[in-house]
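Q: As a plain string of letters, each chain reads:
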Amino acid sequence: MAKSIDVSDLNIYYGDFLAVEGVNMTVKSKSVTAFIGPSGCGKSTMLRSLNRMHEVIPGARVEGKVVVDGQSLYDASVDPVAVRRQIGMVFQRPNPFPTMSIYENVLAGNRLNAKKLKKDDADSIVERSLKRANLWTEVKDRLNKPGMGLSGGQQQRLCIARAIAVEPEVLLMDEPCSALDPISTSAIEDLIHELKSEYTIVIVTHNMQQAARVSDDTGFFNLKATGEPGHLVEFNPTRKMFSTPDEPSTEAYISGRFG
Amino acid sequence: MTSAPMTLSQARLPRWAPGLVAAMALAVAGLPALLGGWGPAAWLVLAVVVFLVAMPLWSRLVEGRRAAVDRLVTGLIWTAFAIAISPLVWLLWVVVRSGVPAINGDFLTFSMLNVIGDEQGGILHALIGTLLITLAAAVLSVPVGILTAVYLVEYGARSRTARVITFLVDVMTGIPSIVAGLFALALVVLLFGPAFRMGFGGSIALSLLMIPTVVRSSEEMFRLVPDDLREASYALGVPKWRTIVKVVLPTSVGGIVTGVVLAISRVIGETAPLLVVAGATDGINTNLFDGRMTTLPVFIFSQYSSSTPVGYQRAWGGALVLIVLVMVLNLTARLIGRIFAPAKGN
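Same order as they appear, the protein sequences are chains A and B. Per the numbering used here: the first sequence ends with 259, consecutive numbering throughout. Per the numbering used here: the second sequence ends with 1346, consecutive numbering throughout.
No lab work stands behind these hints: they were computed from the structure. Treat each hint with caution, since some may be false.
What the hints assert, rightly or not - Simulated pairs of lysine-lysine, BS3-like, Cα-Cα distance not exceeding 25 angstroms:
1. A:LYS3 to A:LYS140
2. A:LYS140 to A:LYS119
3. A:LYS118 to B:LYS1246
4. B:LYS1240 to A:LYS115
5. B:LYS1240 to A:LYS116
6. A:LYS115 to A:LYS131
7. A:LYS118 to A:LYS131
8. A:LYS240 to A:LYS30
9. A:LYS131 to A:LYS119
10. A:LYS119 to B:LYS1246
11. A:LYS116 to B:LYS1246
12. A:LYS115 to B:LYS1246
13. A:LYS131 to A:LYS196
14. A:LYS131 to A:LYS3
15. A:LYS145 to A:LYS115
16. B:LYS1246 to A:LYS145
Based on the sequences and whatever the hints tell you, model everything.
A: Pasting the structure below:
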């Protein structure tokens, strides 16, 4: 059920400010694609434009094409809400809903959309999602406790469970481990490996080792110069990226000889 | 290279020092007060001055300059706090002392209908009037206020319309209540003719005063909801209006309820606009849409203007009931705020 994403000549703006310029890439289905690059080069902006979360910010807009499964996301007839139901997202900081319990948080995507669920179905969705997010054994006895009471790593896995509970085609992750300790990070990386069999995953990371560990393809973003828009320097299989990259600047960044 | 040993300890005044100085200041100030035959107020003022001089002085001699400044500023802040709180305590004390003798079962369960001279009268009609008119005002202004705040925060952010609305709301905050009363009167007269009076007119006037407060407080509460939560909701494919109804509102409901109750407390004591629009009557009127209606403030005003001892007492009794009403409202708001506050931890 996973879908591939084709991006062509994508320019992303905040108002008049061109943040990311001329991106072309193909994200393969049922694989993990990592975006790496220095801060402020537009990785997160790029990620957010893949499920039209970008335009939530006032004044933000996009030129160019993002095609998922033959449909262009930015066509006038496309409903951004429908796009986001198919392309889920996990954010940098864990953001469970503070008014909801763990159980309700997992079901948030269904409940907030007023989908009627039978008790049995709801229970099974919660159990399945939490199991896939490697959180079930830790929380199964306190499902009715508030989600905010969990530790940071658990909250992040709760957010992942919430995102996969609506069964999206694609999962976007914006530095999902940057606020987590190494153990939680490794739990989430294991999870990414497991989810790869069913979902197309795009992950933004600052951690080169993480990109090397989890991803199949890697895109390296960089600024041409300070004040210039970010752009995609190189997009290649991760193995090639980390051994014999095409561009010298990619090698400089990956090996730590950067700027 | 050797360094001097660190000195972390120094002479400190004992914990009971401020208490001792305060007692001595009272005693020292008591001497001229006794000899000059001053009242307790002047005695207290002199004692405070003596304390503010003596305490830092002693501290300067024993503890050093920095501690002395600390003692002085601490003393000044406590003095400022006492000055700020004393009118409030005094007011409560006067109202309770003057109001309690008036309160009895009949006072709370009878109206002033056919009460002549010094007979036992009651405030039931004014209590009913206050509750009905204020309730109707809240029903009018809470939806308008909250929806305006939703527009300002969620939809109109930084647009010209939003700025104009914010400006107008600020202007509305400053409308004198009597002007709101005259406006409501003009509206009622325009619609129903010159001699028509109804309690609902008072509600309209009060809602004009309430709306800006509700808008401002709800706006602040909505702004406190982190954008992370909105984005989390959008990313689950939840439409904007559902995000507002199911995520933003529940997260901020505690603060909004508090704001609404504060707005109600503000208008429940309004007199002028109600005197103009709703008029005054001695009997119970439970129909908001026809006939004059008395509220507690108007009752207090009319009893006080009757200039009889019984009138004064009834006015104080009414004032006490009004204050208790506002206090109960505030406590309810705190309770509701606590119940709806987002749960933290286990």
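Q: It remains to establish, for every hint, whether it holds in the given structure.
A: Against the structure, the hints come out as follows:
1. Proposed proximity of LYS3 (chain A) and LYS140 (chain A) is contradicted: the alpha carbons are some 32 angstroms apart, above 25 angstroms.
2. This hinted pair checks out: LYS140 (chain A) and LYS119 (chain A) have alpha carbons roughly 16 angstroms apart, not beyond 25 angstroms.
3. Taken as a hint, the LYS118 (chain A) and LYS1246 (chain B) pair is honoured in the structure, with Cα atoms around 20 angstroms apart against an allowance of 25 angstroms.
4. For the hint pairing LYS1240 (chain B) with LYS115 (chain A), the CA-to-CA distance comes to about 16 angstroms; that is within 25 angstroms, so the pair holds.
5. Distance check on the hinted pair: LYS1240 (chain B) and LYS116 (chain A) sit about 19 angstroms apart at the alpha-carbon level, within 25 angstroms; holds.
6. A distance of roughly 22 angstroms separates the Cα atoms of LYS115 (chain A) and LYS131 (chain A); the hinted pair therefore holds under the 25 angstroms criterion.
7. Taken as a hint, the LYS118 (chain A) and LYS131 (chain A) pair is honoured in the structure, with Cα atoms around 20 angstroms apart against an allowance of 25 angstroms.
8. For the suggested pair LYS240 (chain A) and LYS30 (chain A), the alpha carbons sit about 19 angstroms apart, so the restraint of at most 25 angstroms is met.
9. A threshold of 25 angstroms between alpha carbons decides the hint, and for LYS131 (chain A) with LYS119 (chain A) the separation of about 18 angstroms falls inside it, so the pair holds.
10. The suggested pairing of LYS119 (chain A) with LYS1246 (chain B) holds, with an alpha-carbon distance near 20 angstroms, which does not exceed 25 angstroms.
11. The suggested pairing of LYS116 (chain A) with LYS1246 (chain B) holds, with an alpha-carbon distance near 15 angstroms, which does not exceed 25 angstroms.
12. A distance of roughly 13 angstroms separates the Cα atoms of LYS115 (chain A) and LYS1246 (chain B); the hinted pair therefore holds under the 25 angstroms criterion.
13. With a C-alpha separation of about 15 angstroms, the suggested pairing of LYS131 (chain A) with LYS196 (chain A) holds against the 25 angstroms cut-off.
14. Distance check on the hinted pair: LYS131 (chain A) and LYS3 (chain A) sit about 23 angstroms apart at the alpha-carbon level, within 25 angstroms; holds.
15. Of the supplied pair hints, the one linking LYS145 (chain A) and LYS115 (chain A) holds, its CA atoms being roughly 23 angstroms apart against a limit of 25 angstroms.
16. With a C-alpha separation of about 19 angstroms, the suggested pairing of LYS1246 (chain B) with LYS145 (chain A) holds against the 25 angstroms cut-off.
The structure fails hint 1 only (numbered hints given earlier).
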